[in-house]
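Chemist: Protein sequence lines correspond, in order, to chains A and B.
Under our numbering, the residues of the first sequence are numbered 138 to 573, in order.
Under our numbering, the residues of the second sequence are numbered 9 to 166, in order.
Calculated from the structure, these hints are not laboratory results.
C-beta: ideal position from N, C-alpha, C; glycine also.
Take the hints with a grain of salt, since some may be wrong.
A few chain B residues that face chain A, going by a derived Cβ cut-off under 10 Å, partial list only [unchecked claim]: (1) 28; (2) 36; (3) 47; (4) 58; (5) 99; (6) 103; (7) 107; (8) 110; (9) 113; (10) 114.
Take a look at the letters that make up each chain.
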Amino acid sequence: MRSGPLDYVLALLIAAGFAAVGETVLRRASASLAQWNSSLVAGMGACAALLFPLSLVAGRRALDLTLGLMGLCAATTVWRRLRRREASAGGSEVARAAWLPLAIAALAAAAFAVLDWRYNLLWDGFAAWASKAQRLFVEGGLTRTWYPGDSYDSRYVSYPPLVPLYEALVSRLHGRFDFGGLKPVFLVFYVSMAGSVYAAVRARASARLAAWAVALVLFVPALSTRWAAGAYADMPQAAVVAAVVAAAMRSDAAALPWLLGALTTVKPEGMILALIAAVAIAAATRLRGIRLGAVAAIAAFVAVRVAYLRWTGVREDTYLFRSVGFAIERAPEVARLCLRELLDPSAWGLLWPAFLAAAVVGWRMGDAKQRSLAAAVAAGILAMAAPFLFTTWPLELHVSQAYFRLLAQLAPAAVVAAVLAWGRAWERWALPPPAA
Amino acid sequence: MPPDSQSRPGGASRKRLALNIAAAAVIAASLVSGGAAFVRDLRVSRRAGPSVFTDRDRAEMSAVRAATPPGSAILVAFGRDAQWTSLLWQRGLYPERDVIVRGEPISAAAIADARRRWRFTHAVAIGDPPPDPGFAAHRDLGPIPGLPGRVRFGELAP
């Protein structure tokens with residue numbers, strides 16, 4: 138059956154639990170929606186990373202222990218808030234300054250909500266992510282095996298656990314596992330992504346520009362329609378990317394290590410994204426103010442991911458390194474196919490050409506953060522294409538089925554880079570002529 | 009030193025006009041591509057059933073549940089274009105029954121090997137036509153929802 142009201146309520150409850158865990162690990166009470174959103178994603182990452190060691194230690198009770206941890210953190214958070222009685226921050230500037238882009242964004246969000254509710258699970262959404270959630274729900278923790286039998290899709294067992302964990306936790310609260318009741322979690326990721334994009338641009342530009350950035354992101358088909366609504370994990374990965382960009386733009390040094398770590402908990406390629414983001418942030422800050430604790434937190438996430446991969450022992454057979462010569466020989470064809478995807482107007486509008494132009498403008502006019510963001514997105518575009526040099530699938534089929542979903546993970550960062558560059562150029566050219 | 013845009017108000021205004029045109033083009037393209045995708049998918053989603061499992065899937069699985077004891081293993085052998093359906097069966101019967109999935113080409117040796125390991129006595133065959141995993145007898149459970157082909161269920165020959 139389709140998701141009912143209770144499924145939505147439970148997904149929100151679990152989101153509140155994630156945010157409470159986030160506030161606990163960040164050791165702060167969120168003073169704004171942007172901070173709460175950072176806490177939400179940080180908490181998601183922390184819980185997902187913790188699931189593997191918990192599964193080793195507590196076996197079938199790992200899922201319940203995660204729920205218990207969330208409850209404990211939530212109780213602590215509520216207690217802290219009651220003691221402090223903080224006034225909530227007002228946010229009415231948004232509606233006044235940017236009703237048109239916000240209306241467009243709201244339209245997109247409403248359409249996604251309908252699609253998310255109506256669509257069934259599509260291939261990976263069912264066969265990989267929701268199935269991993271079913272296994273997690275039944276087993277109570279992560280296991281080394283997939284469904285009984287030497288199943289040909291057993292590689293899914295090594296996939297990172299954030300999305301299945303969220304789905305399994307909602308099911309646990311519900312007391313039953315139903316493939317039809319998992320969709321509300323994607324609405325949470327979607328709203329989080331929109332909030333992060335807004336916060337990222339708002340940190341350095343007007344509310345109006347921030348609202349336009351949200352509208353542009355929510356109109357990216359790969360983030361708002363079929364695959365996102367079909368419960369694939371690319372949009373959730375994009376939500377974490379957006380949270381990293383927001384924290385970087387807001388100079389939220391406390392949240393950044395946890396959010397970088399969270400990148401490794403959604404999809405396998407999250408490790409590459411985390412590496413690119415870490416290098417970009419290091420370049421933007423020139424390593425100033427980077428604490429040992431932050432490095433240790435990121436290292437812990439990576440260590441958990443690597444240990445989990447080794448523990449499952451799944452052999453990678455989609456990509457095979459044959460020789461450097463073979464990869465070089467393939468490179469022009471890969472470049473041609475990927476470029477075709479990037480320039481497909483029905484998939485992206487003019488997003489990637491706009492990003493390219495903005496990257497040039499941002500590089501010339503922007504500050505260190507804008508340059509690093511542009512460079513990181515460009516590096517991501519190339520890094521996401523590189524595995525096709527080694528694919529064992531028919532090349533054209535693999536690129537057409539996978540590259541747009543990989544690009545979708547970068548789309549929020551590309552939009553932020555483009556909008557900020559536009560704003561920078563506008564400001565630059567708005568300056569009055571200097572006095573003679 | 010060449011004059012830059014800041015020293016030429018006319019140049020700056022032209023650049024801002026260009027910026028506005030570029031922004032309008034990007035926004036318009038985004039709304040067109042995203043809007044078209046929304047409209048297309050909203051149409052498609054109107055035809056979506058309430059669950060990934062159709063009523064027919066559920067009825068066929070119920071028939072197998074009724075004929076096999078909980079905790080038993082069952083072979084699901086699938087033919088061309090029936091991979092998705094085999095996954096539905098594996099997830100749909102889990103965890104009460106272990107579903108061992110094998111796709112074509114299915115050899116008698118491979119079935120025997122799996123049978124020694126999992127000790128299944130019954131099989132479901134899905135496809136157009138359904139493969140024969142070595143049925144002693146079988147019955148037709150009905151069509152594969154949304155696809156050509158049939159679903160068969162029966163006991164395997166000893």
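Chemist: Now tell me if each hint is right for this structure.
Modeler: Status of the hints after comparison with the structure:
1. The criterion of a C-beta within 10 Å of any C-beta in chain A is met by residue 28(B), whose closest approach is roughly 9 Å, and the hint holds.
2. Interface hint status for residue 36(B): upheld, as the beta-carbon distance to the closest one in chain A is roughly 8 Å, under 10 Å.
3. For residue 47(B), the interface hint holds, the least distance from its beta-carbon to any beta-carbon of chain A being 9 Å, beneath 10 Å.
4. Here the hint on residue 58(B) is kept, as its CB sits about 5 Å from the closest CB of chain A, short of 10 Å.
5. Proximity of residue 99(B) to chain A holds as hinted, the smallest CB-CB distance being about 6 Å (cut-off 10 Å).
6. Checking residue 103(B) against chain A: minimum C-beta separation of about 5 Å stays under 10 Å; hint holds.
7. The closest approach between the C-beta of residue 107(B) and any C-beta of chain A is roughly 7 Å, which is under the 10 Å cut-off, so the hint is satisfied.
8. Taking 10 Å as the C-beta cut-off, the interface hint given for residue 110(B) holds, the closest approach to chain A being about 8 Å.
9. Given hint, residue 113(B) at the interface with chain A, is violated; its Cβ is 13 Å from that chain's nearest Cβ, farther than 10 Å.
10. Below 10 Å, beta-carbon pairs count as interface contacts, and residue 114(B) has none with chain A, the closest being about 13 Å; its hint is therefore violated.
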